[in-house]
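Given these sequences and hints, build the entire structure.
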Amino acid sequence: MLLTLLAVVTVAIIRQRSLFGVVILTSVYSFLMASVLIVLDAVDVAMTEASVGAGISTVLLLASLHLIKTTEMRQVRANLLPLFVSIGTGAVLVWGTMVFPPFGTADSVIHKHVAPRYLSDSIKDTGVPNVVTSVLADYRGFDTLGETTVIFTAGIGVMLLLRRSRRRPADDDAETPQ
Amino acid sequence: MNYDLILRVGTKLILPFILLFALYVQFHGDYGPGGGFQAGVIAAGMVILLTVTCGLDLAQRIAPQGLVQRMVPLGVLIYAGTGVMGLLLGKNFLDYSVLAHESAHGHELGIFLVEAGVLITVSGTMIALFYAFVERGR
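These protein sequences, in sequence, are chains A and B. Read in order, the letters of the first sequence correspond to residues 1 to 178 in my numbering. Read in order, the letters of the second sequence correspond to residues 1 to 138 in my numbering.
Source of the hints: derived by calculation from the structure; they are not laboratory data. Heads up, some of the hints might be wrong.
With beta-carbon atoms standing in for the labels, derived distance ranges [as the list claims (entries may be wrong)]:
no.: 1; chain 1: A; residue 1: Val-76; chain 2: B; residue 2: Gly-81; range: 47 to 57 Å
no.: 2; chain 1: A; residue 1: Ser-120; chain 2: B; residue 2: Pro-16; range: 39 to 49 Å
no.: 3; chain 1: A; residue 1: His-113; chain 2: B; residue 2: Gly-81; range: 29 to 39 Å
no.: 4; chain 1: B; residue 1: Leu-20; chain 2: A; residue 2: Val-109; range: 39 to 49 Å
no.: 5; chain 1: B; residue 1: Arg-70; chain 2: A; residue 2: Asn-79; range: 39 to 49 Å
no.: 6; chain 1: A; residue 1: Ile-156; chain 2: B; residue 2: Leu-7; range: 14 to 24 Å
no.: 7; chain 1: A; residue 1: Gly-96; chain 2: B; residue 2: Pro-64; range: 19 to 29 Å
no.: 8; chain 1: B; residue 1: Lys-12; chain 2: A; residue 2: His-66; range: 19 to 29 Å
no.: 9; chain 1: A; residue 1: Leu-67; chain 2: B; residue 2: Leu-58; range: 15 to 25 Å
no.: 10; chain 1: A; residue 1: Val-36; chain 2: B; residue 2: Arg-70; range: 33 to 43 Å
These stretches of chain B come out as covered by chain A in the derived footprint (C-beta under 8 Å, 3 or more residues) [as the list claims (entries may be wrong)]:
no.: 11; region: 59-73
no.: 12; region: 77-85
no.: 13; region: 112-124
Think of the CB as a built atom: it goes at the ideal place given N, C-alpha and C, for glycine as much as any other residue.
Written out as structure tokens, the structure is:
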């Protein structure tokens with residue numbers, strides 16, 4: 001049911017010409033995705049998807065729509081190459097999932113490597129009952145440091161791009177499309 | 001500019017609860033779903049809601065732009081600083097066991113500090129980005 005809704009929203013996003021509608025529909029898509037993640041018992045990821053995907057990114061996209069034109073340009077000529085590339089990539093990815101173990105198998109490789117240690121030793125090692133938090137902030141702390149640095153770098157970059165130059169305000173106003 | 005009265009009053013009513021929920025998500029992240037990332041986004045959402053309904057000036061009185069922009073590197077520094085503490089006290093980078101007398105307590109403290117760093121960077125970045133968009137659009 002949820003996956004059907006996801007497919008419907010995707011088709012609607014492709015057919016939509018108004019960028020405002022596209023932004024709202026991607027927000028709907030994120031909320032549906034968050035529901036899918038809750039069904040899969042991944043509450044932490046669902047929370048991130050709902051707050052970041054459906055919340056903040058929608059707001060930031062709407063804010064950027066405020067600065068640009070809000071209708072999509074009509075395509076001048078049909079491009080067949082991108083269509084073939086995306087169909088090819090999709091086919092290869094589906095082919096790759098053929099070798100995966102069936103969904104929910106308890107003895108697949110990924111559940112036998114470090115996951116049992118995390119599950120059994122988390123409280124003893126870190127005193128934190130939520131294993132997701134202890135993996136993110138402690139066992140895999142280096143990855144989360146990288147993630148935080150990515151947010152830092154991206155934020156700084158966008159702020160530098162959007163900042164109006166203080167030295168030449170007259171030039172800058174002329175360049176800004178309204 | 002005139003902002004809608006109902007939206008303004010409604011925002012003021014709901015604002016403390018959004019902040020409380022952000023803090024709950026942050027500090028309850030050890031026991032339930034949540035953590036610095038989600039809490040940072042919720043806290044940023046509070047300031048964004050205030051900007052949309054009551055205007056940029058009021059929002060910047062509560063969360064001044066200079067403070068918000070300083071929060072962006074500050075969080076990364078807190079995170080990396082927690083890691084360097086482990087190095088200085090004779091263990092590996094990001095090894096929290098040296099932060100307290102007992103290893104598990106050190107890890108708990110380390111996770112707390114690291115999550116605080118993530119919260120500060122994420123909320124600072126989101127609010128500063130939104131301010132940048134609003135000022136550019138003026």
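Of all the hints given earlier, name the ones this structure violates by number, lowest first.
Numbers 6 and 7 - these are the hints that the structure violates, sorted from lowest upward.
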